[in-house]
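From first to last, the protein sequence lines are chains X and H.
Residue numbering for the first sequence follows the working numbering, starting at 1 and increasing by one per position.
Residue numbering for the second sequence follows the working numbering, starting at 1001 and increasing by one per position.
It should be emphasised that the hints constitute simulated quantities derived from the structure, not laboratory data.
Just so you know, these numbers come straight off a predicted model, no measurement behind them.
The beta carbon of each residue, even a glycine, is placed where N, CA and C say it ideally should be.
Please note: incorrect hints may appear among the correct ones.
Computed cross-link-like contacts, DMTMM-like style, restricted to lysine to aspartate or glutamate with a CA-CA straight-line distance of at most 20 Å [unchecked claim]:
| hint | chain 1 | residue 1 | chain 2 | residue 2 |
| --- | --- | --- | --- | --- |
| 1 | X | K241 | X | E317 |
| 2 | H | K1031 | H | D1014 |
| 3 | X | K241 | X | E256 |
| 4 | X | K271 | X | D254 |
| 5 | H | K1092 | X | D173 |
| 6 | X | K271 | X | E317 |
| 7 | X | K398 | X | E20 |
| 8 | X | K241 | H | E1103 |
| 9 | H | K1018 | X | D173 |
| 10 | X | K271 | X | E256 |
| 11 | H | K1089 | H | D1014 |
| 12 | X | K271 | X | E428 |
| 13 | H | K1018 | X | D12 |
| 14 | X | K241 | X | D305 |
| 15 | X | K241 | X | D291 |
| 16 | X | K284 | X | E317 |
| 17 | X | K284 | H | E1103 |
| 18 | X | K241 | H | E1063 |
Pulled from the structure, derived: some chain X residues nowhere near chain H, Cβ distances all over 10 Å [what the hints assert, rightly or not]:
| hint | residue |
| --- | --- |
| 19 | Y115 |
| 20 | R119 |
| 21 | Q314 |
| 22 | E465 |
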Amino acid sequence: MPQTSLRRKSADRTAPLNLEADVLVLGGGPAGAWAAVTAAENGRRVVLADKGYFGTSGATAPSNTGTWCVPPGEARAAQVERRAARAFGLADPHVMLRMLDTAHEALRTLGNDGYPFPRQSDGELYIANLRGPDYMRHMRRLALKRGVTVLDHHPALELLGADDAIVGAAGWDRQQHRPWQVTAGAVVLATGGCAFGERMLGATGLTGDGYLMAAEAGASLSGMEFCGQYGVAPAGTSLNKGLPYRWASFFDVDGEPLDMSAGDRHVAVAKGLLRGPVFASLDKAGPEIQDWLRRGQPNCFLPFDRIGLNPFTQRFEITLRGEGTVRGVGGIRLVDEGGWTGIPGLYAAGDAASREDIAGAVSGGGGPNASWAIASGRWAGAAAARTALSSRRDVAGKLRRLGGIGLVAHSARPEAEASIDVVAAVREEMLSIDRNFFRTGPKLRCSLSRLDGLWRDARAYLAGEGAAAIRTREAGALLASSRWALAGAVFRNESRGLHRRSDAPESDPNFAHRVRTFGLDEIGVALDRAIHAAPLQVARS
Amino acid sequence: MIEVVSAARCIACDICVKACPANVFDGGPGKVPVIARQQDCQTCFLCEIYCPADALFVHPNAEAPTGIAEAEITARGLFGSYARALGWKRGKAAGAENDPTFELRAFL
Ligand SMILES: Cc1cc2nc3c(=O)[nH]c(=O)nc-3n(C[C@H](O)[C@H](O)[C@H](O)COP(=O)(O)OP(=O)(O)OC[C@H]3O[C@@H](n4cnc5c(N)ncnc54)[C@H](O)[C@@H]3O)c2cc1C
Ligand code: SF4
Ligand code: SF4
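Chain X on its own, in the form it takes in the complex (with noise of 0.2 Å):
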């Protein structure tokens, strides 16, 4: 049902934004915008507000996005099955099944609303693959539509909680210089993962503030160790793009092909840059990949095209970029099928939650995590606007601000300019191939015992108001997201798909679980039993 637009054009662009809605969320990608619409097709005001524009926000949007979508049928268990088989054992075949029918269903709606998807030689539209810019362009139209009003340049710095419920958040507008805040029914998280900032595609907003948000009102994290997850790049580039390199052979620096014995492309490549640079020459496409990967993958060709070089024939320096929990699994923990965090009027959906439910210890890359976006975000907007609509009350005198770290800090002189330093000691300890792809228990230990360091004194010294407090909360939301993630990483004393520890090589059955991780100042770590136990019995299609 259209809305009238909650933001009147004539109001004033310097006083501070306040708005009241039913329901807010958080992050303008995929997930967030789905929830959005899903929200406002339930008849709700909705409001949503990204750190940056809706529409080119996020790790989908400079991509090219597959999903996983299976059409019903038999192919969809079987397919569950398959996935579940390598999950190492902690993803949900149920709640895989029940992803693949809300995304397949949602997919076949856009193409009935003007999504111009490709069509196949057998007249059908592939409904499986999106453009990220065209995709994000038209979720932003769709939105709108529907009567979503829309903040850019809004980054949420904290939640607002009323009694025992979160009530709406408070932030920055970045472009007008001045405060925000709304209040709402319920509160959705959909700010993305963290990339410990990386310089990938879509990773400048991506410093985890949601997970940050959402410990500060007390939920979990899941799975934030299984983030060894990387993607080849070309050196120096943001293009971490996966696809070429199905066709690409690799050299070390005197042009040895590299042993990919292993079977694994990434632990290759990770060993050859411990060694040394490492290079790569897309020379095994044909003429008719050539020309597929060029139209179908252009950014791709970016660097090569304005370096001036032929990637099919010339070899090229590699890098691995670090791809945290965006390609890794790990998140704010769910704990019921409507996105629910467990704490009153909070939700989550995206790469804001664990996604061990659909990928388990593997990434979710290459279709899991997208689908998981579209459904979870159908799911978390969907709750919140059931919530919304029997928790209204009244919270006028009751608000609390509940952001800690970067907007309050212990000492009488906070500063905001640590941030900087905060940011590299994150890039250091977690993008590092040799602490972090090849972990051993004392390297995470020494990691951990850093960024624990750089937090007590965080907590003290670093704040900061206006547009400098972006700054600070993301550098605390990137400290607070390393250290759950390496506290995770110390726990789990095993190897078990993207978590691969030299000093334990094996998966020990002990560990057959989910890692739950929670608390600020002070970490808590816990094995997450019988959460996921049921095995699929009825493949229902």
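Given the coordinates of chain X, work out where chain H with the ligands should sit on it, guided by the hints.
Just chain H with the ligands, lined up with the frame of chain X:
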């Protein structure tokens, strides 16, 4: 990262100021936007395709500016090259229906 806003091409519409997810530009009515926070650029190339005048150039080096000159970009025909490859025109989305990525996904 973002390197050039071509004053010769720019029509001062401020679309890039709004559309850049990293809030890199400072604009203002009737002014050519300035690159105010270059280090924040995430090298996503999206400003290029949103610009209706093909006036922006993003160098693929994501670590540091290279200082590439506008004359070279013009001479090599690189202004608007990403938009053309996608099929976007004058800042408007188009061409997704011709995306052959599904052919490639069949190999995965
Ligand atoms: C290069 C690349 C290619 C990929 N390809 C695929 C693929 O082919 N298939 C696949 O399944 N997955 C793929 N992925 C993963 C996929 O992109 C993500 O899983 C997906 O984008 C998650 O959607 P999201 O909405 O949760 O997060 P995002 O799309 O990352 O969006 C998060 C949004 O939250 C906003 N935000 C953050 N903090 C705040 C704050 N404090 N206040 C307000 N807003 C905030 C950000 O600005 C951003 O817009 C790829 C990822 C990358 C990096
Ligand atoms: S490349 Fe992306 S981040 Fe950089 S200026 Fe352009 S839109 Fe902004
Ligand atoms: S989008 Fe292009 S034309 Fe518009 S202000 Fe920016 S550079 Fe100028």
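Distance restraint between H/K1031 and H/D1014, which requires alpha-carbon spacing of 20 Å or less: The hint holds at about 8 Å.
Given the hint that H/K1018 pairs with X/D12, test it: the Cα-Cα distance must not exceed 20 Å. holds (19 Å)
Need the status of pair X/K241, H/E1063: alpha-carbon distance at most 20 Å? holds (17 Å)
For the pair supplied as a hint, X/K271 and X/E256, confirm whether the alpha-carbon distance does not exceed 20 Å. holds (14 Å)
Please verify whether H/K1018 and X/D173 have alpha carbons no more than 20 Å apart. Cα-Cα ~12 Å, so holds.
Is the Cβ of X/Q314 farther than 10 Å from every Cβ of chain H? holds (16 Å)
Taken at face value, is the distance from the CA of X/E428 to the CA of X/K271 at most 20 Å? holds (18 Å)
Straight-line alpha-carbon gap X/K284 to X/E317, limit 20 Å: holds (17 Å)
Would the hint linking X/K271 and X/D254 be met if the CA-CA limit is 20 Å? holds (15 Å)
Whether X/Y115 stays farther than 10 Å from all C-beta atoms of chain H, as the label says: violated (7 Å)
20 Å limit on alpha-carbon distance, applied to hinted pair X/K241 and X/D291: It holds: about 17 Å lies between the C-alpha atoms, which stays within 20 Å.
Has the given pair, H/K1089 with H/D1014, been kept, meaning a C-alpha gap of at most 20 Å? With a Cα-Cα distance of about 17 Å, the restraint between H/K1089 and H/D1014 holds, given a limit of 20 Å.
Of the numbered hints given earlier, the model fails hints 3, 5, 19 and 20; all others are met.
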